[in-house]
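**Student:** Quick mapping for you: the protein sequence lines, in order, are chains U and Y. Heads up: the first sequence at position 23 corresponds to 23 in my numbering, and the numbers run straight through without jumps. Heads up: the second sequence at position 301 corresponds to 301 in my numbering, and the numbers run straight through without jumps.
The set of hints was computed from the structure by calculation and includes no laboratory data. A quick note: this is a predicted structure, and the numbers were derived from the prediction, not measured. Idealized CB from N, CA, C, for every residue including glycine. No incorrect hints appear here.
If you want a taste of the chain U side facing chain Y, the calculated C-beta under 10 Å gives, among others:
(1) Ala-208
(2) Ile-234
(3) Glu-266
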Amino acid sequence: MRKSIGIILAALVMATLTVGAAGAAETLKIGAILSVTGPASFLGAPEAKTLEMLVAETNKKGGILGRKVELIVKDSGASPEKAFSFAKQLIEENKVFAIIGPSTSGETMKIKSVAEEGKTILMSCAAAEVIVNPVAKYVFKTPQRDRDAVIKIFQQMKKMKITRIGVLSSNTGFGNAGKAQIEKLAPAYGILILANEVYDKAASDLTAEVTKIKAANVQGIINWSIEPAQAIVIKNARQIGIKVPIFQSHGFGNIKYVQAAGAAAEGVLFPAGRLLVADVLPKNHPQKAVLVKYKKDYESRYKEEASTFGGHAYDAFIILEKGIEKANSTDKAAVRSAIEQLKGVVGTGGTFYFSPSDHNGLNVDAFEMLTVSKGKFAILKQK
Amino acid sequence: MLPIVWGKEPKLEFFFQYLVAGITYGTIYAIVAIGFNIIYNATGIINFAQGEFVMLGGMTAVTLNQFLPLPLAILGAVVITMIVGAVIEIVFIRWLHKPSVLRMVIITIGISILIRETALHIWGESVRALPYFTGSSTSSINLGGVYISSQILWVVGVGALAVAALSGFFNLTMLGRQMRACSANRDAARLCGIDAGNMVTLSFVLSAAIGAIGGAVVCPITYVQYDSGTPLAIKGFTVAILGGLGNSTAAVGAGMILGILESFSIWVLPTAYKEAISIAILLLILFVKPSGLFGSAEAARLKEF
Numbered sequence: 001m002r003k004s005i006g007i008i009l010a011a012l013v014m015a016t017l018t019v020g021a022a023g024a025a026e027t028l029k030i031g032a033i034l035s036v037t038g039p040a041s042f043l044g045a046p047e048a049k050t051l052e053m054l055v056a057e058t059n060k061k062g063g064i065l066g067r068k069v070e071l072i073v074k075d076s077g078a079s080p081e082k083a084f085s086f087a088k089q090l091i092e093e094n095k096v097f098a099i100i101g102p103s104t105s106g107e108t109m110k111i112k113s114v115a116e117e118g119k120t121i122l123m124s125c126a127a128a129e130v131i132v133n134p135v136a137k138y139v140f141k142t143p144q145r146d147r148d149a150v151i152k153i154f155q156q157m158k159k160m161k162i163t164r165i166g167v168l169s170s171n172t173g174f175g176n177a178g179k180a181q182i183e184k185l186a187p188a189y190g191i192l193i194l195a196n197e198v199y200d201k202a203a204s205d206l207t208a209e210v211t212k213i214k215a216a217n218v219q220g221i222i223n224w225s226i227e228p229a230q231a232i233v234i235k236n237a238r239q240i241g242i243k244v245p246i247f248q249s250h251g252f253g254n255i256k257y258v259q260a261a262g263a264a265a266e267g268v269l270f271p272a273g274r275l276l277v278a279d280v281l282p283k284n285h286p287q288k289a290v291l292v293k294y295k296k297d298y299e300s301r302y303k304e305e306a307s308t309f310g311g312h313a314y315d316a317f318i319i320l321e322k323g324i325e326k327a328n329s330t331d332k333a334a335v336r337s338a339i340e341q342l343k344g345v346v347g348t349g350g351t352f353y354f355s356p357s358d359h360n361g362l363n364v365d366a367f368e369m370l371t372v373s374k375g376k377f378a379i380l381k382q383k
Numbered sequence: 001m002l003p004i005v006w007g008k009e010p011k012l013e014f015f016f017q018y019l020v021a022g023i024t025y026g027t028i029y030a031i032v033a034i035g036f037n038i039i040y041n042a043t044g045i046i047n048f049a050q051g052e053f054v055m056l057g058g059m060t061a062v063t064l065n066q067f068l069p070l071p072l073a074i075l076g077a078v079v080i081t082m083i084v085g086a087v088i089e090i091v092f093i094r095w096l097h098k099p100s101v102l103r104m105v106i107i108t109i110g111i112s113i114l115i116r117e118t119a120l121h122i123w124g125e126s127v128r129a130l131p132y133f134t135g136s137s138t139s140s141i142n143l144g145g146v147y148i149s150s151q152i153l154w155v156v157g158v159g160a161l162a163v164a165a166l167s168g169f170f171n172l173t174m175l176g177r178q179m180r181a182c183s184a185n186r187d188a189a190r191l192c193g194i195d196a197g198n199m200v201t202l203s204f205v206l207s208a209a210i211g212a213i214g215g216a217v218v219c220p221i222t223y224v225q226y227d228s229g230t231p232l233a234i235k236g237f238t239v240a241i242l243g244g245l246g247n248s249t250a251a252v253g254a255g256m257i258l259g260i261l262e263s264f265s266i267w268v269l270p271t272a273y274k275e276a277i278s279i280a281i282l283l284l285i286l287f288v289k290p291s292g293l294f295g296s297a298e299a300a301r302l303k304e305f
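So here's chain Y without its partners, still in its complex pose (with noise of 0.2 Å):
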């Protein structure tokens, strides 16, 4: 099962080794991919500042960490970043009556520019990080050789929990039911009673909430600063396409599928590439199979892109 190496001797240990880099890209654009799902599912629109909910979620958890214990830091992040998401739905979203798919595009790219720009006046453009959770930045957990950083343990698990809840919440939940109700027909889901335009600031404040996550317990291994946000999120589109839109169980899958595939590019080619094989498979999936790999082609239809 190991793959061709040219003029190398293969290890059994280093192909374990990139396969663990993989699985840590994979999770890490997985989050960020979920977060664009969760927006595009209640309002059918591709919520551009995605990236910049991870930045807030790691910046917000750097400054309050400095004078609360790290579990209230993070928690504290997690809720600025939601009330952030809230803001944004309720003052430039809200109020617009079926606005275009372009419309939103340039609405929400605009927001995550003045995300950003807030973000450089408060913190300025150093780059910061969160210690690591357990251990330090050089320990690592060494099974035979293959070594693994805890906090990737970390990612792993809370990227697991996070999926978990989410899908637990929109299948058992009276409010996940409203909302993907919302996503189905809003027309028809108003007629049963549901505020629809609640559902949408809902789907902000869950997406705000999953990137805040996600930017807490990856800026140990990524560093966060202002403009960390928009390399993510373009990994994060990649796999939501890559997956469905829309579909965040897919977008986990997708997301271990380009992280893995990044990581063992790696071995084989040399690494300058790894970023060409990312955009190729972006290319590929939007011309041969544009509802993605786990999508179905008529549902994608009903979608409005």
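One chain only, chain U, in its complex shape (with noise of 0.2 Å):
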């Protein structure tokens, strides 16, 4: 609610400088669409702040083609019917140029057909594969997709040679479609599937949820979830006495977890964009500079650790900025087919390679295996 009215009157006040400003080019109007609160404020909060320092950083410099931006950004709390009236809103009555968000996957297919009937550009900032797949022509999305984080876990389950897995998911947007991926895509990988348990988001306790998947003796568990529920399985697995290898989504790339979990989240396996081990990658990385460039303008504007949710916001900007300037307009259809063109843009997430057909333009390499090392995320040394 606070920061609502804080977003209100931020609006208001940018109404009012704009009609001040009348003579000077028309504002570029951006939404955005966040769970700044709620059960996934933790990736709706990076997401609004890197959105604001980088809509000023532009303006800054003059803005995109000559025009400033007007950044209005909206706090749906994660549900997705808020998410829809925000979007109706954004389309209909701010005339927005383009959406960026929602966070999470579940708000994103609630709104998917809106902005495709509204004709605006959607950059969501939600993983799941069926944001893009069917691919909708007004629809992109910056996270790497859920899919390539399967196979990642595979890839690597593989070498561990894990075959007998136990599968925990949230019923949430996010668990659903990671769920849908993992049974879709184990058989071809050789992995049995076990036990396969749904949990409520706002779980508090998983010990019996934890207790039937030890009952299947697995050699391994995953976990796909963005809720405080994935730090909590963790603990309670562990307690319980289960000591196979748990792998998480790539949801668990948040050091306040690792934080809350203490003990329980070492060595917890999960496939992660490259922004949480910006510092440790080799110098000639490519994406060494934006990473390093991103993560520390944004700690030292807030004074708080970047995560790899706010770079799907940042992902998103600039993927939308190279769009507008590829296609030297503001027409909406023109920058949708530019970004569809645009190939090589180095992001926080990965190298985007964009086309009609792939409107994500990341690929498994986006990923990086990761582990919890001394309480702290680390590149997983390969045996």
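Hints are included, so try docking the two chains, each in its own frame, into the full complex.
**Tutor:** Dropping the structure here:
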């Protein structure tokens, strides 16, 4: 509530300023629907902060194609229903040029058709494969695909000779989408799912759920969720004496969960973008410069650690900017097809190669297999 | 005595592991439910901000623990939450003259939103936890293949102590008796010279205290963030209804029943049904025995709803 009031005030101030500045080039309105508060706030809050930072930076340089950018942030609190009405409002009332977000897969799926019908570019910051498959003309997404995350995990399992696994997921868009990909891809990697359980996203203790996994006698566990539950799972599993490796989704890339889980987080394996290990990347890595700059800018401005999730918003913004520059116009349809032609855009999530059939532009190489060692993220050393 | 497990060999150790999980859930629910009952007894209203007291206890304890030893941090958190409880009652509730039930529901829901947003402002949206009181987040006690986290023993122990202390307070002390007199008949209590207004404030203070203690002991297990009070309040409310509103001992029994049922439901059904089970139980009770499992129908009729 507090933040939305702040945003409304900010929007009002901006509106008055815009009127005051009549005569100058019209501003380029970019909407953002993000879960700034609520259960997915760890996604939305850094995303909103990142956008504010980028917009300030862009406007200082003179904007995009000489037009100042006006950012309108709507806090959906991870509610698909709110995201839906905000999307309508941004497209029909605010007449925005593009929408960045939403932060979660469930919300994005809810507004995919709204963006498509409103012919407004949607740059989703959510992970699920279904957002870009099947392709919708105006819908793009910047986080790595959950499909690729699953492949990365299965490749790792193959190396570790794990074939019998248990799967846990939360009953959210993210959890369901990950679960579906795991079920679909497992046979191709010779992996057998012996237990497959879904839990409530607000779960506060998961001892019974992990007991069921333990009873199935598996060699490895995959947990797919973005809520605090992902830290609770590993703790409960270790408490009841489960010793097998635990894999998490790319949603685990937030150091706060590692701190909350304490000793239980040690040795957890998860695929993630390279932001978390930016400092230890080799100097010649193509993403090194972008990652280090984003991390430094964000951390010096907000005095908190940068996360991969803020990076998704960063990528969404620069891709939009590059698309507009390439199209050399602010015509929605022209920019949309220009984005499809973008190749080799280096972002925080990887190097993007878009095409008319690929609206994500990343592949499995965008992921690095990470682990937790002494309370910190580290690149997994392959034996 | 083993439940039927389709297609799987039932194993005794797993039976007890589910039982332990159920008792953990049950104790957490019961602590929240007791907070509901204290205020209900004194005022006849349901305080929907009860979950927020739990959250405040956890959050404040985590913050204080940065520069105070754990026991002092928890004590400090309990005192601060008690003050919050008192302030809430004095500012929002005290001056109302015979408010309707609906009005009270709306006021307490409003208070819960207010506390949540204030917490968001103070602490931000990140998840926090106290360290385990003994051992660590991976250690547990192994009893013949059944693993029990030491924190669960803390939760159960503190929960039991709180119930015993409360029942002693209500039955043995003058102040406790005065509070019960107010709940039985406020006008008659007033005629006997009991300050009914202060008793209501006291009930908010007590229920804030029990909420904060609960919040501090469960937060190593469940974690705490600004909005973690609401789901707990829903479960606690279910348990309070299940046991019979106003009856704290019954709340413990009802908490155990719900917790254990939820836990065993996971054994035989897909885990996704766990939440459905607790809601189904709540509905069933409301239809069949609205006074709760342990409540008497007569007593329930005398209350406002």
